[in-house]
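> From first to last, the protein sequence lines stand for chains A and B. Mapping of the first sequence onto our numbering: position 112 corresponds to residue 112, and the numbering continues sequentially without gaps. Mapping of the second sequence onto our numbering: position 157 corresponds to residue 157, and the numbering continues sequentially without gaps.
Since the hints were made in silico from the structure, they are not lab data. C-beta atoms are modelled at their ideal positions from N, C-alpha and C, and glycine is treated no differently. Fair warning: there could be bad hints in the mix.
[To be verified] With a straight-line cut-off of 27 Å between C-alpha atoms, the simulated DSSO-like cross-links for lysine-lysine are:
hint, chain 1, residue 1, chain 2, residue 2
1, B, Lys153, B, Lys175
2, A, Lys208, B, Lys26
3, B, Lys285, A, Lys208
4, A, Lys189, B, Lys124
5, A, Lys208, B, Lys233
6, B, Lys110, A, Lys176
7, A, Lys208, B, Lys272
8, B, Lys188, B, Lys143
9, B, Lys237, A, Lys148
10, A, Lys208, B, Lys110
11, A, Lys148, B, Lys26
12, A, Lys148, B, Lys225
13, B, Lys87, A, Lys208
14, B, Lys225, B, Lys272
15, B, Lys206, A, Lys208
[Unchecked claim] Covered by chain B, per the in silico footprint, the following chain A stretches (three or more residues, Cβ under 8 Å):
hint, segment
16, 76-85
17, 100-111
18, 165-179
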Amino acid sequence: MFRLVRANAISVRGLTRMTMMSTAPAQQPQASASGDILRGFSAISSRLTDRFKDAGLGANFDNLVSSVKTFLPANRDFTLTKITESIMDPQNASSSAIAKTEGYLYFDPRSANARGTMPQASQVRQQQGLPGALNGVGRGIEASFGQKRQAYNEAIVFTVGGGSMDEYGNLQDWAKRTGTGANASTTLKRRVVYGSTELVNAEDFLSKELGRLGGESV
Amino acid sequence: MTGVIPIIRCPKQGAAEVIAAKLDRKLRDHVLNSKDNLFSGNDQRNSSSSGQTATRPVLIIVDRNVDLIPMLSHSWTYQSLVHDVLKMHLNRITVEVPVDAEDSSKGSTKRAYDLNASDFFWSKNASSPFPNVAEDIDAQLTKYREDAAEVTKKTGTSSLEDLQNDTNASAQHLKDAITLLPELRERKATLDMHMNILSALLQGIKDRQLDNYYQMEEAILKQTKVQMLEFIKDGTKGTEPTDKLRLFIIWFLSVDQEISRTDMDRFEEALKEIGADIQPLTYIKQ
Numbered sequence: 001m002f003r004l005v006r007a008n009a010i011s012v013r014g015l016t017r018m019t020m021m022s023t024a025p026a027q028q029p030q031a032s033a034s035g036d037i038l039r040g041f042s043a044i045s046s047r048l049t050d051r052f053k054d055a056g057l058g059a060n061f062d063n064l065v066s067s068v069k070t071f072l073p074a075n076r077d078f079t080l081t082k083i084t085e086s087i088m089d090p091q092n093a094s095s096s097a098i099a100k101t102e103g104y105l106y107f108d109p110r111s112a113n114a115r116g117t118m119p120q121a122s123q124v125r126q127q128q129g130l131p132g133a134l135n136g137v138g139r140g141i142e143a144s145f146g147q148k149r150q151a152y153n154e155a156i157v158f159t160v161g162g163g164s165m166d167e168y169g170n171l172q173d174w175a176k177r178t179g180t181g182a183n184a185s186t187t188l189k190r191r192v193v194y195g196s197t198e199l200v201n202a203e204d205f206l207s208k209e210l211g212r213l214g215g216e217s218v
Numbered sequence: 001m002t003g004v005i006p007i008i009r010c011p012k013q014g015a016a017e018v019i020a021a022k023l024d025r026k027l028r029d030h031v032l033n034s035k036d037n038l039f040s041g042n043d044q045r046n047s048s049s050s051g052q053t054a055t056r057p058v059l060i061i062v063d064r065n066v067d068l069i070p071m072l073s074h075s076w077t078y079q080s081l082v083h084d085v086l087k088m089h090l091n092r093i094t095v096e097v098p099v100d101a102e103d104s105s106k107g108s109t110k111r112a113y114d115l116n117a118s119d120f121f122w123s124k125n126a127s128s129p130f131p132n133v134a135e136d137i138d139a140q141l142t143k144y145r146e147d148a149a150e151v152t153k154k155t156g157t158s159s160l161e162d163l164q165n166d167t168n169a170s171a172q173h174l175k176d177a178i179t180l181l182p183e184l185r186e187r188k189a190t191l192d193m194h195m196n197i198l199s200a201l202l203q204g205i206k207d208r209q210l211d212n213y214y215q216m217e218e219a220i221l222k223q224t225k226v227q228m229l230e231f232i233k234d235g236t237k238g239t240e241p242t243d244k245l246r247l248f249i250i251w252f253l254s255v256d257q258e259i260s261r262t263d264m265d266r267f268e269e270a271l272k273e274i275g276a277d278i279q280p281l282t283y284i285k286q
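Chain B with its partners taken away, still in its complex shape:
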C-alpha cells in the first residue's frame, strides 16, 4: 500500500476538495524537491510496467455530510457495541468489574483495557455480531480448559513413585509445561478480559434496550410518524434519551415523507420531555 503515490478522488466543493487539492500539491512538491522521497522505491518500478494503474491505490476523501447515518446508528457488531456502550477512545475502554464474581454486594471496580490487533480474540471477533462473539468466548474458554487440563495431566504426579519410575519422561513433561504456561496464562487473561467486556456490554444492551433500537433502525423506512412519536414517548424503551434522539434523526434523514412544522414541533417537544438535548436537531433540520 505504501510507497506508491495514490490517485485522489473526492466530491466537488466542501472541505474534502480543499484537502485533496492541498494534498495533491504537497505530494507533487515532495516528489519534485526531494530526490530520495517516500515514493522513490516502488514508484519507479511501477511506472515502468504497463499495468501500473492497477497497482496504484486510490485515496477517496469525502465530507462527513455524504452520510450522517452511520455516525448515529445502533449496530450489532462487537466493535461497534464496545465503541458505543463502553465509550472506546483511542482503543481504550473502561469497564466496571465486580470485585467478587460470587458476591455482588462487594461492589465493583473500574478497570481499563486496551483493545488492539495483538489481542487474538479481538482481531477475530471485532466485526462479528454480538451473539456470535458470545458463542466464541464460550468455545475459547472450553478450549483453554482442555489445554490446561492436558498440561496438568501430563505433569501432575500423585506420588513419588511416579517420578521414580520414569524420571526422564517427567522431566520432559515439566519442561513442556514450563514453555506452555506463559501462553496459557496470557490466553486466560485475554479471555477473562473479554468475558468482563461482554458482561458489561450485556448490561448496557439491557439497560438501554439496544436490541430494540437496532431492530427499529433495520426497518427505519417502515416506521410511521405515529409509531415514531409513540416510541419516543414510551418510557419502557431504555434509559438513555440520546438513543431516542439518534433514532429520530436517522428516521428523519431516511424517510421520504414531508415532515411539517407542527409535526417537527411535536417531536421536539416529546424529545425535550424525556430529557434529550435537541440542539443537534437545529443543524439536522436546516
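Just chain A, same shape as in the assembly:
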C-alpha cells in the first residue's frame, strides 16, 4: 500500500541533492586499523583458502585480500542519520541539517494544540519564523521554537517506501557513537529503532520499486 511514491513536484535527482547532507568521508587515521585487517585476513585465509583450493579459488584469494585490506568503512553519516540527529540532538547537529528538518511537521497526540490540521493562513505565518507568533497558536502543527530545540533520547525512525540494512547500520553506529563513550561525563543512552514498510535489498528495490515507477512514468 505504501510503496515508494512518485515525487511529483520535483525531480528525484533534485530532491536527492536538496536533502543530501552526507559530507565527504572523514579521513581517519587508519594505519593501525589496516594492520588489524591484515591479521584478520591472514587468519581467515588459512582456513578459508584450504576450503577454496579445491574450488580453484585459492590462487585469487591473495589478490582479493590485498585489494580489500585498504579500506575500512568511513565514518560517514547518511542523510537519514543526519535528519535523526538534527531532531534528537539539535544542539550538536550541523546547522545545515537543522535547516532541512526545521520545517518538519510536529504532531503531539497528547496535546490539544499540536493537532494535525490547520488553516493555510496560520501555516504561512508560522513559516516566517516569528517566535512570538509560534507558541500557542491553536492547533498548529509547525514546530514552535522550543519544540524544534527539544532533544530526545529515544527515537523510532520509519521510512515509507523501503528500508535498507546499510541505513539501519549507519543509524545504529551514530546512536552508539554519540550515546555513551563520546563523552564520559554523560550517561546518556541513545536508542534508535529503525522501521520501514519493507526491508528490501538493492536488487529488489531496483526491479520492484524503481522499475515499476519507471514503467508507470512512460
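Using the hints, position chain B against chain A.
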C-alpha cells in the same frame, strides 16, 4: 520505549505526512476512548514529572525519496553483505554448502539459515566490516577448540587405572562435561553456519567484485563521466549488470555536474549492452 506516546515529526507533503496525520488521529482516539489504553501506565507518571519531554520518544517518519542512495549502495558490513549477496528475506538466507568440504566434485546443497538476535556471533558481528568478521570467526573457532580440548582433557581417561585411582573426581568431571557439552555443540553449530555464510559471501564478493564497487562509491564524487562510462563498459568488473546500474544511479544522484541528453543516452546504451534493465532509470532521471 513503549508505553509513552511519541511525538511525531515528518516532512511536509507526501506519504509521510499522510501517515503521520492518520497515526496522530488514531493515537488521540485511542487515548480518549479507552480507559485502560496502551499508554496509561507510563504516560501518567511521565506527565506529572517536570522533565517529561526528555523521556518521550520521537517518531520520525520520512519518505524514501529523501535519500535513495542507501537503498542501492554497496556496503562492507556483515549484515549488508548478507542482505545483498545472499538475499536475506525476513532474517532467512539460503546458502550453497559443499556436500563434502574436501571434495568439491560432489557438488553442493542448499541450506537455509535463520539469522536472529539469539545468535551470539550474529549479534556481535552484524554491523562489523567484513574483514573484522573474518578475524572474529577465526578467534571464536580457536576458542571453541580450546574449550573442547579442555573438556576432553578433564574427562578423557586412557586406562581403567585412572578411574580407579580417583573415582570421585572423574565422576565430577564427567558431570561437568555433560553440562558443558550442549553449549559447546550449539556454539560449534553456530560457528559452522557462519563459516559457510562467510565462504558464500567471499565467493559472491569475488564473482561480483564488490570490493571494486564499494571503493568506487566511497569516492563517488571524484568519478568523471569518462571514468564512469569506461567502468560500465569494462567487462572485468564483476558478473552482475545490476551492480553497474546501481553504481551509475548513485553517481547520477550524487554528482553536481549537468548530464546532457546525449551523455544520458550514451550511458543507457552502455548499460543496455551489458544486459542491465534500464527501466528504473526512467524514474530516476525525471
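> Of the hints given before, which are not true for this structure?
Per hint list: 2, 6, 9 and 12 violated.
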